[in-house]
Amino acid sequence: MLKVSHLERTYPAQPGGAAVHALKSVSLSVEQGDIFSLLGPSGCGKTTMLQCIAGLETPDAGRIVIGPQTVYSRAERIQVSASERGLGMVFQSYAIWPHMSVAENVAFPLLQRGRNPGREQIAQRVDEALAMVELAGYGNRSATQLSGGQQQRVALARALVHKPRLLLLDEPLSNLDAKLRDTMRIELRQLIKSIGITAVFVTHDQIEAMGISDKVALMRGGEVVQVGKSRDIYLNPHTAFAADFMGSGNLIPCTISDMGGDRAVATTPFGRIRARAAAGLRIGDDAVLVIRPNAPIVDTRPANAQGDAAQITGNVASVTFLGEKIEVQVRLPGGYDLVTTMNTFDAPAEGQEIHLTLPAERCIIVHRDNAAASTVRDAELAGVAA
Amino acid sequence: MMADVSAEQPSGTARWTFLGSPRLIKVVLLVVVATLVLGPVIVLLRASLAPQDVLPFETSVFTFDNFRQIFAGDDTVKLLTTTIVYAAGSVLLGVGAAAVVAWLTERTDMPGATVIRIFLFSWMAVPPLVIGFGWVLLINPGNGALNVFARSAFGLTSAPFTIYSFWSLIIITAFSVLPTAYVMLGGLFSNMDPQLESAGHVHGGRSFTVMRRITLPLLIPGILSVGIFMVMIVVQAFEIPFVVGLSAQIRVLSTRVYLLASPTTGIPNYGLSSAFGVCLLGLACLLMWVYFRCVGTGEKYRVVTGKAFRPRRQKLGAWRIPVTCLVFALFGIMVLPVLMILWTSFTASYQVPSLAGFANLSLDNYSRALASPFAQQAIFNTLILVLASATIVMLLGSLIAWFSVRDRGPAVRILDILAFAPTAIPPVVMVIAILLVYIRTPVYGTIWILVLSSVTVQLAFATRTMTSALTQLHKELGDAATVCGAGWWTSFRRITLPLLRVQFLSGWLFVAAHTSRDLTIPLVLMTSSNVVLASAIWMMWDFPDLPGASAMAVLLVLGLLTVVLPVQILANRGRRGA
Chain A
1 MLKVSHLERT YPAQPGGAAV HALKSVSLSV EQGDIFSLLG PSGCGKTTML QCIAGLETPD
61 AGRIVIGPQT VYSRAERIQV SASERGLGMV FQSYAIWPHM SVAENVAFPL LQRGRNPGRE
121 QIAQRVDEAL AMVELAGYGN RSATQLSGGQ QQRVALARAL VHKPRLLLLD EPLSNLDAKL
181 RDTMRIELRQ LIKSIGITAV FVTHDQIEAM GISDKVALMR GGEVVQVGKS RDIYLNPHTA
241 FAADFMGSGN LIPCTISDMG GDRAVATTPF GRIRARAAAG LRIGDDAVLV IRPNAPIVDT
301 RPANAQGDAA QITGNVASVT FLGEKIEVQV RLPGGYDLVT TMNTFDAPAE GQEIHLTLPA
361 ERCIIVHRDN AAASTVRDAE LAGVAA
Chain B
1 MMADVSAEQP SGTARWTFLG SPRLIKVVLL VVVATLVLGP VIVLLRASLA PQDVLPFETS
61 VFTFDNFRQI FAGDDTVKLL TTTIVYAAGS VLLGVGAAAV VAWLTERTDM PGATVIRIFL
121 FSWMAVPPLV IGFGWVLLIN PGNGALNVFA RSAFGLTSAP FTIYSFWSLI IITAFSVLPT
181 AYVMLGGLFS NMDPQLESAG HVHGGRSFTV MRRITLPLLI PGILSVGIFM VMIVVQAFEI
241 PFVVGLSAQI RVLSTRVYLL ASPTTGIPNY GLSSAFGVCL LGLACLLMWV YFRCVGTGEK
301 YRVVTGKAFR PRRQKLGAWR IPVTCLVFAL FGIMVLPVLM ILWTSFTASY QVPSLAGFAN
361 LSLDNYSRAL ASPFAQQAIF NTLILVLASA TIVMLLGSLI AWFSVRDRGP AVRILDILAF
421 APTAIPPVVM VIAILLVYIR TPVYGTIWIL VLSSVTVQLA FATRTMTSAL TQLHKELGDA
481 ATVCGAGWWT SFRRITLPLL RVQFLSGWLF VAAHTSRDLT IPLVLMTSSN VVLASAIWMM
541 WDFPDLPGAS AMAVLLVLGL LTVVLPVQIL ANRGRRGA
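Protein chains in written order, with UniProt numbering: chain A, 1 to 386; chain B, 1 to 578.
Misleading hints may appear alongside valid ones.
Distance ranges between label pairs, derived from CB positions [what the hints assert, rightly or not]: (1) T10/A with E58/B: 50 to 58 Å; (2) S42/A with T471/B: 15 to 23 Å; (3) R413/B with E324/A: 44 to 52 Å; (4) V28/B with P117/A: 29 to 37 Å; (5) V28/B with Q190/A: 27 to 35 Å; (6) H6/A with G187/B: 44 to 52 Å; (7) S42/A with C325/B: 40 to 48 Å; (8) R23/B with I283/A: 17 to 25 Å; (9) T35/B with E31/A: 29 to 37 Å; (10) Q145/A with F374/B: 48 to 56 Å.
Derived from the structure by calculation, the hints contain no laboratory data.
A quick note: this is a predicted structure, and the numbers were derived from the prediction, not measured.
By construction, the Cβ of each residue, glycine as well, lies at the ideal position given by its N, Cα and C atoms.
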């Protein structure tokens, strides 16, 4: 449905700053009917990407194809303007026009590009769209009288009323309060799925991305780091960045000392741990061992290590109460503090000895990030974002 | 669902859509603005290098004679010193008084603050021309009303006041600086974050200490930049030095430029006038540079933020009544010349106000003025001038503002600079340059050359107003329309302009008020067919028909007040509500 290939975008240097390479030969492919998320920290290029797809930003090179139509191609000198692309978009600020009523806002797309389907047809389609977002009967209200959640629904109705071929959403949930965000996320997914429209969703929130999308493209410094279902990225990250950004985890620097099949042995400050290894790692590589906080099986008594599992013993350094769960910091041999989560009702005492079982399939060894290079890049992009 | 898609796709582009493409509009704007602004400047430079008695296009000779003549004598040095002392003196007085009044109305519990605010904001309805005439009637040594009163009250033999002195000129100008400076300073005072002062109080500072050590130092950059801006305005100002200063033989650069181009006797000396114009332009540019340097350092303090604060108000205590009386006395003096004009407009021939005179007052002057074809023509021309130039310049300013905020490219940078340039070009210089450009074209002598000049002179203001309004408008509001399928022009017309309607309207009113009260442009470009109210008032005054001129002046002020006053009262109410 949407194919982006080798997209490049560099922002020219502003006075007193360097040029910023916001998109570095990015390629993506979105299937018909999928909800596709662009996820990454601020300044990673995800919004630039969305703006390029919408036509609000012109890339320097590459190609964008929506359905059967090439909307941008540097090589073929094609550039379809944003107003001719037939898309729907929900903006971060909702961009509800305050000088128009709700119905006028929603009717706007139906009246563009020389169309005028007639008063009745317009009224009917506006009503349908408003009913779809559960705002039936709100048509005559002034857009400024709406709450944040309602404004967002109007924005959604406006983006869908002209039946666009692609729906773009730019951090649509970031301006809502936490509770509302959770409900809207679920509603949004159900609505998009029920219409069957293809959607591209930009967010910096991994929970939002995981909850709403069929597929996630994780971006960093103008590049796509990893694409896949959110579960796949969570369980099989390629790099320390992907592991850290999708979920949280203990990232332990290590060296690979042995390999066999998809398993490898990592030498860490607190001993040798068997784990799965990301593709491309070799014996002797400096890598990162990822242990998710919920991966260790915690026991107060020594347990029998079976087969593929490692067994470590440590002391509880601190316990943080978080409601449904507690976060326990375990001081391991070699001075390393490992964070793990436990059931609130099983809270250990501080200083207590505790035994962790680490099954190999729950741990993964990933590539180190090129820390030096990425720090420079992040600083540059942060500069542009500001 | 997806079957709908093909039906929704554009069937083909309409034939005229290319006219709405932003690139074409950008090019047209660039050409229009360059013609408006660069044309006159180039002709002015050319004329200053041409022999004195010919028009710039009629010669191919380049000569420095004009500049040589300017810098040969002591006259020029004297002219420059007079101009600078005049500007600095009136700004010192005017901005100082404005700062005190602004502090009193915004930061103390002085009663009547709202009335003062509305009064000063509406003062732009009173043309400087009218104030000048009013003061002449009040304090001329012969039969000035105040002099007559003082003589009979104290038995003096000589007049205590005179309009024909440097000091009178400075004080009268200071009164005209005060309202503008107040408008600029008011926001500065009321938007200052009160937490900065609260922090001083909490850490043990007493009221006076906090004011001296915290409030004042924080505000000084702002007051300074307003002061320099006002010096720039006064150096460029023409009307008051023209009405008040010329009879007193006090010449400043702006009146000198005018007199050389439109002498009362002899032929115009465009060459020398242009050369003086170039000097005045240079001085204005220098001041502009100083202004930007100061504003740059003022940015460091950043006391004015976007947030609306409720600043802490100082209690005046025992000072409350005397201070209030003093401020209202000041405004009483400001209103005096207007009252004088009002009185004169009801008299058959000029006479000093007296109780006995009330019996002879009549509306004859008004009926006489309104009946004459000359006045009718002037009113009609004024309406065309005001409506056309305010609308054109605000639309032009909005378009330029859109490009300078949303589209950043080298062409837009040039557009930006061109649109800003008229700020540094004194109106009297600009108008003489425009005269030189169009004197041989059919536009000269029509009302449209006045429209063209007003648009050029007000372009910088319109662009600045709309630029600051547009920067506050979220970019996504326009983007949303574009993604919905709206073309550039539709998006500008249906979304951007309606959302900026308040700023557009207030900018429109400002331009309308300033265009209708301005004398510089109509006077320089005056022919028998393009007389407007301001130039009609001047002609009748010069004739002399003082009652007739006064009646026309009152009509102009009333017309302006009916537009300006309701808006200011509404704006003030909105301010309360916010």
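- Message: Within 29 to 37 Å: is that where the Cβ-Cβ distance between V28/B and P117/A falls?
- Response: holds (33 Å)
- Task: Using the beta carbons of R413/B and E324/A, state whether their distance is inside 44 to 52 Å or not.
- Result: About 57 Å separates the Cβ atoms of R413/B and E324/A, which means 44 to 52 Å is violated.
- Evaluate the given range 44 to 52 Å for the C-beta pair formed by H6/A and G187/B. holds (51 Å)
- Taking the CB of S42/A and the CB of C325/B, does the distance hold inside 40 to 48 Å? Cβ of S42/A to Cβ of C325/B: about 58 Å, so the range 40 to 48 Å is violated.
- Task: Take a look at whether the Cβ-Cβ distance between T10/A and E58/B falls inside 50 to 58 Å.
- Result: holds (53 Å)
- Are V28/B and Q190/A spaced within 27 to 35 Å by their CB atoms? Given range 27 to 35 Å: violated, Cβ gap about 49 Å.
- Task: Note whether the CB distance of Q145/A and F374/B lies within 48 to 56 Å or breaks it.
- Result: At roughly 54 Å between Cβ atoms, F374/B and Q145/A fall inside 48 to 56 Å, so the hint holds.
- Is the hinted range of 17 to 25 Å satisfied by the C-beta distance from R23/B to I283/A? violated (59 Å)
- Query: Honestly, do T35/B and E31/A meet the 29 to 37 Å range at C-beta?
  - Reply: Violated, since T35/B and E31/A (Cβ atoms, about 55 Å apart) do not stay within the stated range.
- Item | Assessment of proposed distance window 15 to 23 Å (beta carbons of S42/A, T471/B) | holds (22 Å)
Consistency note: the structure conflicts with the earlier hints numbered 3, 5, 7, 8, 9.
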